[in-house]
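Participant: So you can see what is in the structure, the chains are spelled out below.
There are 2 protein chains.
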Amino acid sequence: MKFEVTILGSSSATPVYNRNPTAQLLNCNEKVYLIDCGEGIQQQMIRYGYKTSKIDYIFISHLHGDHYFGLIGLLSSMHLNGRIKPVQLFAPAPLLEILELQFKHSDTILRYPLEFTPVYADENRLIYENADVSVETIVLNHRIPCTGYKFTEKKRLRKLLVEKLEADGVPVSYYPLLKRGVDLDLPDGKVILNADYTIDSNAPKSYCYCSDTLADDSYLEPLRNCTMLYHEATFLQEMLDRANQTFHSTALQAAEVAVRVGAGKLLIGHFSSRYKTLQPLLDEAAAVFPNTELALEGITFEI
Amino acid sequence: MKFEVTILGSSSATPVYNRNPTAQLLNCNEKVYLIDCGEGIQQQMIRYGYKTSKIDYIFISHLHGDHYFGLIGLLSSMHLNGRIKPVQLFAPAPLLEILELQFKHSDTILRYPLEFTPVYADENRLIYENADVSVETIVLNHRIPCTGYKFTEKKRLRKLLVEKLEADGVPVSYYPLLKRGVDLDLPDGKVILNADYTIDSNAPKSYCYCSDTLADDSYLEPLRNCTMLYHEATFLQEMLDRANQTFHSTALQAAEVAVRVGAGKLLIGHFSSRYKTLQPLLDEAAAVFPNTELALEGITFEI
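Here the protein sequences come in this chain order: B and Y. Heads up, the first sequence is in the UniProt record's numbering, so the first residue is 1 and it goes up one at a time. Heads up, the second sequence is in the UniProt record's numbering, so the first residue is 1 and it goes up one at a time.
Derived by calculation from the structure, the hints in this document are not laboratory data. Mixed in with the good hints there might be a few duds.
To be verified - In silico DSS-like pairs for lysine-lysine, Cα to Cα no more than 25 angstroms straight-line:
#1 Lys51/Y <-> Lys276/B
#2 Lys31/B <-> Lys51/B
#3 Lys179/B <-> Lys154/B
#4 Lys276/Y <-> Lys54/B
#5 Lys51/B <-> Lys104/Y
#6 Lys54/Y <-> Lys104/B
#7 Lys276/B <-> Lys54/Y
Using the sequences and the accompanying hints, generate a full structural model.
Facilitator: Structure follows, in structure tokens:
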């Protein structure tokens with residue numbers, strides 16, 4: 001099953017030429033989940049060859065503009081392009097009021113259902129699940145209510161030991177039940193034990209997205225043993241005071257979080273416009289957590 | 001006196017790669033007036049080498065997103081960049097409510113004064129003037145309340161006939177009064193007639209901006225004899241029905257307007273995303289009004 005994330009923007013609020021504010025596309029089994037939606041996302045999707053029509057789910061972490069100012073334009077264009085398929089939007093409650101006010105004054109009545117689920121930054125909650133994935137909030141520590149999101153694959157089916165099944169003449173029609181872990185009691189009294197013919201699948205993978213946060217202990221629990229962690233790294237450690245003042249993290253702190261939670265891999269992003277080159281941020285993080293990469297625009301990371 | 005307009009975007013609502021929604025920078029005597037503010041304007045200004053800090057006046061024609069979705073990001077960045085100089089914003093009244101709601105939920109208290117003047121689409125009005133320019137609204141005919149804007153240079157000072165002044169020994173200290181058209185009665189009984197030493201300056205130039213409109217008779221009066229007319233030309237004439245349905249104009253209609261009002265020059269823009277090449281739009285307009293140009297991004301037109 002495909003489980004990968006594509007970076008569309010990883011700059012912080014102040015604009016820099018050719019660096020865009022935060023937006024990521026998560027592809028899980030060919031369903032597309034948009035995570036945050038900074039200004040310019042439509043141009044970024046065209047640039048990197050993605051269709052906005054494929055997005056069915058949108059998750060917004062908080063209401064600082066560099067994380068959602070591209071949303072009203074995206075939703076408007078979906079309407080103009082004739083979309084009728086619903087969009088599921090998960091975001092802080094006031095966003096609906098902001099969007100509805102803008103639709104009202106542009107005299108826009110969306111052709112497609114915009115299904116809105118308010119997200120609250122009081123406790124971590126399961127807010128969505130389908131056959132492929134579950135999504136939980138991660139309450140972060142920022143200047144305004146802010147939640148990250150944890151995407152966890154659903155438990156996969158068991159793996160069949162096909163050679164053994166064929167050698168013992170087990171009919172193919174039994175395979176789907178065996179994959180689901182069922183023991184089969186046949187009419188002739190014979191028993192086919194699942195444990196004899198299958199093994200456990202790989203553990204479900206998980207992707208944790210921590211958009212904007214002061215690095216502290218409050219949000220570590222849901223990150224434990226995640227396959228891939230995206231963590232903001234707005235500043236270098238030499239600007240720790242500024243990071244604390246603005247409720248942001250340094251690259252070193254992002255790496256320390258990855259170590260503490262036992263993440264498989266770390267992506268860092270939300271780079272301050274002051275850094276013309278990003279290598280020092282990568283170097284600082286990778287010295288502590290070697291399996292770190294920069295969340296560069298256009299790059300797709302397999303989770 | 002500098003009087004020129006730079007195009008930052010001239011695409012209509014549906015995004016096309018590397019074509020941006022409407023925004024224009026008017027430079028009048030080194031003061032910068034932003035006219036409409038589509039999404040992505042900050043990237044466009046960086047791309048073409050303009051500083052957002054220079055913008056002191058913003059005029060929004062109407063509340064369709066392709067004319068204002070870049071504004072909240074621009075105003076937010078001005079705040080983040082430490083601006084303290086006021087911004088004067090002229091726009092339909094509901095825009096203030098939209099902006100204030102977004103500032104409230106991002107916990108943003110602007111460091112600079114945002115001086116808001118509501119603009120109403122009921123009758124043409126003088127809404128602003130300073131030493132350089134006056135600005136009047138042009139009520140257009142669109143699906144929602146929409147005004148264009150007419151920028152007219154202030155009447156210039158009279159031109160001095162310097163050789164004659166020098167030959168007759170008129171003191172230089174008299175020049176400023178002569179430029180203003182004053183006759184001088186000297187203490188010795190001598191009279192210096194202004195008409196002997198000055199001639200009229202060039203007529204004030206004017207720029208009319210018609211963002212989105214059905215082409216009809218209702219808005220022609222303020223356009224008469226303007227130096228330069230920007231008129232939307234969303235479609236080719238073969239799509240006249242679609243233009244009428246959506247309260248837009250064709251390239252042919254834009255040219256006919258320019259002919260009827262005796263414009264000095266015509267810029268066309270607001271191109272539909274369906275046109276991969278814009279030459280047919282230019283050809284259609286220029287066949288009727290030869291002094292037509294495409295409002296292409298990055299180009300500066302002297303008015």
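Participant: Going straight from one Cα to the other, do Lys51/Y and Lys276/B come out at no more than 25 angstroms?
Facilitator: holds (18 angstroms)
Participant: Holds or violated: Lys179/B with Lys154/B, Cα cutoff 25 angstroms?
Facilitator: holds (14 angstroms)
Participant: With the threshold set at 25 angstroms, check whether the alpha-carbon distance from Lys276/Y to Lys54/B stays at or below it.
Facilitator: Satisfied, since the Cα-Cα distance of roughly 23 angstroms is no more than 25 angstroms.
Participant: Hinted pair, alpha-carbon criterion (25 angstroms max): Lys54/Y, Lys104/B. Please report holds or violated.
Facilitator: violated (32 angstroms)
Participant: Just to be careful, I want the Cα atoms of Lys276/B and Lys54/Y compared with a cutoff of 25 angstroms; is the pair within it?
Facilitator: holds (23 angstroms)
Participant: Checking one constraint from the list: CA of Lys51/B to CA of Lys104/Y, max 25 angstroms. Satisfied?
Facilitator: Between Lys51/B and Lys104/Y the Cα gap is close to 32 angstroms, so the pair fails against 25 angstroms, i.e. violated.
Participant: Straight-line Cα separation of Lys31/B and Lys51/B no greater than 25 angstroms?
Facilitator: holds (12 angstroms)
In this structure, the hints that do not hold are numbers 5 and 6, in rising order.
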